[in-house]
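Residue numbers (the numbering used here), protein chains in the order written: chain L, 3 to 78; chain H, 3 to 78.
In short, the hints are calculated from the structure, not lab data.
Glycine included, each C-beta is placed from N, C-alpha and C at the ideal position.
Do not rely on the hints blindly, as some may be mistaken.
BS3-like, lysine-lysine: derived pairs with alpha carbons at most 30 angstroms apart [to be verified]:
no., chain 1, residue 1, chain 2, residue 2
1, H, K55, L, K49
2, H, K54, H, K42
3, L, K49, H, K12
4, H, K54, L, K4
5, L, K21, H, K4
6, H, K21, H, K54
7, H, K42, L, K54
8, H, K49, L, K4
9, H, K4, L, K12
10, L, K49, H, K63
11, H, K42, L, K21
12, L, K55, L, K4
13, H, K4, L, K49
14, L, K49, H, K49
15, H, K12, L, K63
16, L, K55, H, K21
17, H, K49, L, K42
18, L, K54, H, K54
19, L, K12, H, K42
20, L, K49, L, K4
21, L, K42, H, K54
22, L, K21, L, K49
What follows is a list of derived Cβ distance ranges for each label pair [to be verified]:
no., chain 1, residue 1, chain 2, residue 2, range
23, H, K55, L, A59, 40 to 48 angstroms
24, L, G14, H, G51, 25 to 33 angstroms
25, L, D37, H, D13, 30 to 38 angstroms
2 protein chains.
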Amino acid sequence: MKAYVHVMLKDGVLDPQGKAIGQALHGLGFDEVGDVRAGKVIEIDLKDGTDKKRIEAMCEKLLANSVIENYRIEVA
Amino acid sequence: MKAYVHVMLKDGVLDPQGKAIGQALHGLGFDEVGDVRAGKVIEIDLKDGTDKKRIEAMCEKLLANSVIENYRIEVA
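The shape of chain L in the complex, shown without the other chains (with noise of 0.2 angstroms):
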């Protein structure tokens, strides 16, 4: 099986590298455009019928900071 874990920063964080993908938009000529926000998916690999308990443990453990950022864990 598959899980996919997205990890974004939390609304309110300021997002640096989502400003800058945004402005790089604009420069291109994109001026529908508007906020961006920058995030990371983890595509992982694991024995099936692993339990979703223990993906989240390997989130708020390694993955994500949830001080700063959210995460959304999709299984396939």
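Dock chain H against the given chain L, drawing on the hints supplied.
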């Protein structure tokens, strides 16, 4: 409207960040973890009705390096 652009390294392209995450998870006792790949998500606020072709153009020009990266666009 919002677009989510997922950018991942192509299969076969070495992913040291993913490898490091995988090793760290093993070190923490998550033995069910196999291969790990790391990628980016870019969340873009767009004017309603923006054509998907425009988002593809953003990916080709700036967001992804199509030599080594694949991208996937999700519109919400």
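Verification of the supplied hints:
1. H:K55 with L:K49: At roughly 38 angstroms apart (the allowed maximum being 30 angstroms), K49 of chain L and K55 of chain H break the hint.
2. H:K54 with H:K42: Judged against 30 angstroms, a Cα distance of about 19 angstroms means the pair holds.
3. L:K49 with H:K12: Distance ~23 angstroms between K49 of chain L and K12 of chain H Cα, so the pair holds.
4. H:K54 with L:K4: It holds: about 28 angstroms lies between the C-alpha atoms, which stays within 30 angstroms.
5. L:K21 with H:K4: holds (16 angstroms)
6. H:K21 with H:K54: Judged against 30 angstroms, a Cα distance of about 33 angstroms means the pair is violated.
7. H:K42 with L:K54: holds (22 angstroms)
8. H:K49 with L:K4: The given pair, whose Cα atoms are some 34 angstroms apart, is violated under the 30 angstroms limit.
9. H:K4 with L:K12: holds (17 angstroms)
10. L:K49 with H:K63: violated (38 angstroms)
11. H:K42 with L:K21: holds (15 angstroms)
12. L:K55 with L:K4: holds (14 angstroms)
13. H:K4 with L:K49: Since the Cα atoms of K4 of chain H and K49 of chain L sit roughly 34 angstroms apart, the hinted pair is violated (cutoff 30 angstroms).
14. L:K49 with H:K49: At roughly 42 angstroms apart (the allowed maximum being 30 angstroms), K49 of chain H and K49 of chain L break the hint.
15. H:K12 with L:K63: It holds: about 27 angstroms lies between the C-alpha atoms, which stays within 30 angstroms.
16. L:K55 with H:K21: holds (22 angstroms)
17. H:K49 with L:K42: Given that 30 angstroms is the threshold and the Cα spacing comes to 24 angstroms, the pair holds.
18. L:K54 with H:K54: violated (34 angstroms)
19. L:K12 with H:K42: Holds. K12 of chain L to K42 of chain H sits at ~16 angstroms (cutoff 30 angstroms).
20. L:K49 with L:K4: holds (8 angstroms)
21. L:K42 with H:K54: holds (22 angstroms)
22. L:K21 with L:K49: Since the Cα atoms of K21 of chain L and K49 of chain L sit roughly 38 angstroms apart, the hinted pair is violated (cutoff 30 angstroms).
23. H:K55 with L:A59: 40 to 48 angstroms: holds (42 angstroms)
24. L:G14 with H:G51: 25 to 33 angstroms: holds (28 angstroms)
25. L:D37 with H:D13: 30 to 38 angstroms: Distance hint for D37 of chain L, D13 of chain H holds at roughly 32 angstroms.
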